[in-house]
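There are 2 protein chains.
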Amino acid sequence: MPNQSDLLTHHISQQFNHELEELRNNLLSMGGMVEKQVSDAIESLINADSDLAIVVCEKDNDVNFMEIAIDQECSRILARRQPAASDLRLVLACTKVATDLERIGDEAAKIARFAIKLSEQGEAPKGYIETRHIGSHVSQMTQDALNAFARFDAEKALAVAKEDKAVDREYKSATRELVTYMMEDPRSITRVLNIMWVLRSLERIGDHARNIAEYVIYLVKGTDVRHIGLKRMQEEVFDNHLND
Amino acid sequence: MPNQSDLLTHHISQQFNHELEELRNNLLSMGGMVEKQVSDAIESLINADSDLAIVVCEKDNDVNFMEIAIDQECSRILARRQPAASDLRLVLACTKVATDLERIGDEAAKIARFAIKLSEQGEAPKGYIETRHIGSHVSQMTQDALNAFARFDAEKALAVAKEDKAVDREYKSATRELVTYMMEDPRSITRVLNIMWVLRSLERIGDHARNIAEYVIYLVKGTDVRHIGLKRMQEEVFDNHLND
Chain A
1 MPNQSDLLTH HISQQFNHEL EELRNNLLSM GGMVEKQVSD AIESLINADS DLAIVVCEKD
61 NDVNFMEIAI DQECSRILAR RQPAASDLRL VLACTKVATD LERIGDEAAK IARFAIKLSE
121 QGEAPKGYIE TRHIGSHVSQ MTQDALNAFA RFDAEKALAV AKEDKAVDRE YKSATRELVT
181 YMMEDPRSIT RVLNIMWVLR SLERIGDHAR NIAEYVIYLV KGTDVRHIGL KRMQEEVFDN
241 HLND
Chain B
1 MPNQSDLLTH HISQQFNHEL EELRNNLLSM GGMVEKQVSD AIESLINADS DLAIVVCEKD
61 NDVNFMEIAI DQECSRILAR RQPAASDLRL VLACTKVATD LERIGDEAAK IARFAIKLSE
121 QGEAPKGYIE TRHIGSHVSQ MTQDALNAFA RFDAEKALAV AKEDKAVDRE YKSATRELVT
181 YMMEDPRSIT RVLNIMWVLR SLERIGDHAR NIAEYVIYLV KGTDVRHIGL KRMQEEVFDN
241 HLND
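The listed protein sequences correspond, in order, to chains A and B.
Going by my numbering, the first residue of the first sequence is number 1, and it counts up by one from there.
Going by my numbering, the first residue of the second sequence is number 1, and it counts up by one from there.
Note that these hints are calculated values from the structure, not bench results.
Any given hint could turn out to be false.
Chain A regions said to be covered by chain B (calculated; three or more residues, Cβ under 8 Å) [stated by the list, open to error]:
id: 1; segment: 18-25
id: 2; segment: 57-68
id: 3; segment: 85-96
id: 4; segment: 135-145
id: 5; segment: 220-230
For every residue, glycine included, the Cβ atom is placed at its ideal position computed from N, Cα and C.
Given the sequences, and given the hints that come with them, work out the whole structure.
Structure (structure tokens):
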């Protein structure tokens, strides 16, 4: 099995190496930006900080334009360099991951918009503890997925995919609790619904982090592990066979 | 401006023509499958038909595997044929559209799962008229986006992107109504919440149809029109300049 750190350093053309390295760095910068958007959105919600929430909404544009820039870079490399094997997978994974990062950014902006609404309504409703908990869980997943990408680490990516199940459980349990709360105090319905939408966004962020993790496994192992279930995904990751 | 029907018929290699044609046909088949999933999911909900809902849930796997198959085809074509210009855009658009179709399929399966829950709870709650209305709206959008793709029709794609605004308005108004209803009758909260999740899924389907429409414009016009707003998108579509 070839050394995975070689994935980026095997080209005769220095210029091509440089382009792939830059693509990867840009994707990781976009990832860093999105990570911060998620944590700022959660902070703005918990602290009823509408100034911070407004910043998150504004910065969503920067995230969007990074997606476009990365896709442009990908199609330029495909047209000029005609990459094959692991280079092709790197380019394809970058364009897919960029889409998921952009969607995570969208969810962060949605959370920030609810933070503005909720700060206007004053008084923290129930559900903030769950928000903080699930929020830090999916932030960690996003960060881990990006670290796995940076290090071409399929095992770390597998761990992220597994975490998504835990987030789904936490989300369901938090939702059930909020429904009970709404029934007991119908005047709180509007506010509690806003928290439910926030939890939904967080759960979606977990899904996108899992998608990113799946692309990392594709990139490193050469196998598309979407939709095959965790058990078979694990077999693929621990299989020593590398497609090229 | 070249005849757009030439987009697929300008290759010296008959075999390459054939591969691109097949890729496009497979994407359109996947689209047809997903369209049916959406309409069946809505039907199963409205008619409390849990048998049909179960079929939708089961067929989601077929949709998932079509996504994987199309992505495999795309990367095979990229590796072997090294497409450029409009061929490259076609391949990239196919891989992006396949992802959106798969997500539409996911939302249809979610709706079907709620249909099963709601049919167990008996008695149609409020919100079904809105569900039917928004449901047929986003079904039409999905169909129009796929027709635009089949005909390389950027103007039709622009019309789909515009429709998404109308769906967002309908969604907001339906949600507001359901909140009022929950407040008036807190015993209905659980059931009405299920309808709200369904509406949310329908609204997401509209977003994905818009994404597909944006990729059609990219394919035909060579310009990435994501995140630039409808006004500038319109300018791009009616601009006679074609990038290659």
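Results for each hint:
no.	hint	in the structure
1	18-25	violated (count 0)
2	57-68	holds (count 5)
3	85-96	holds (count 6)
4	135-145	violated (count 0)
5	220-230	holds (count 3)
Consistency with the previously given hints fails for numbers 1 and 4, ordered from lowest to highest.
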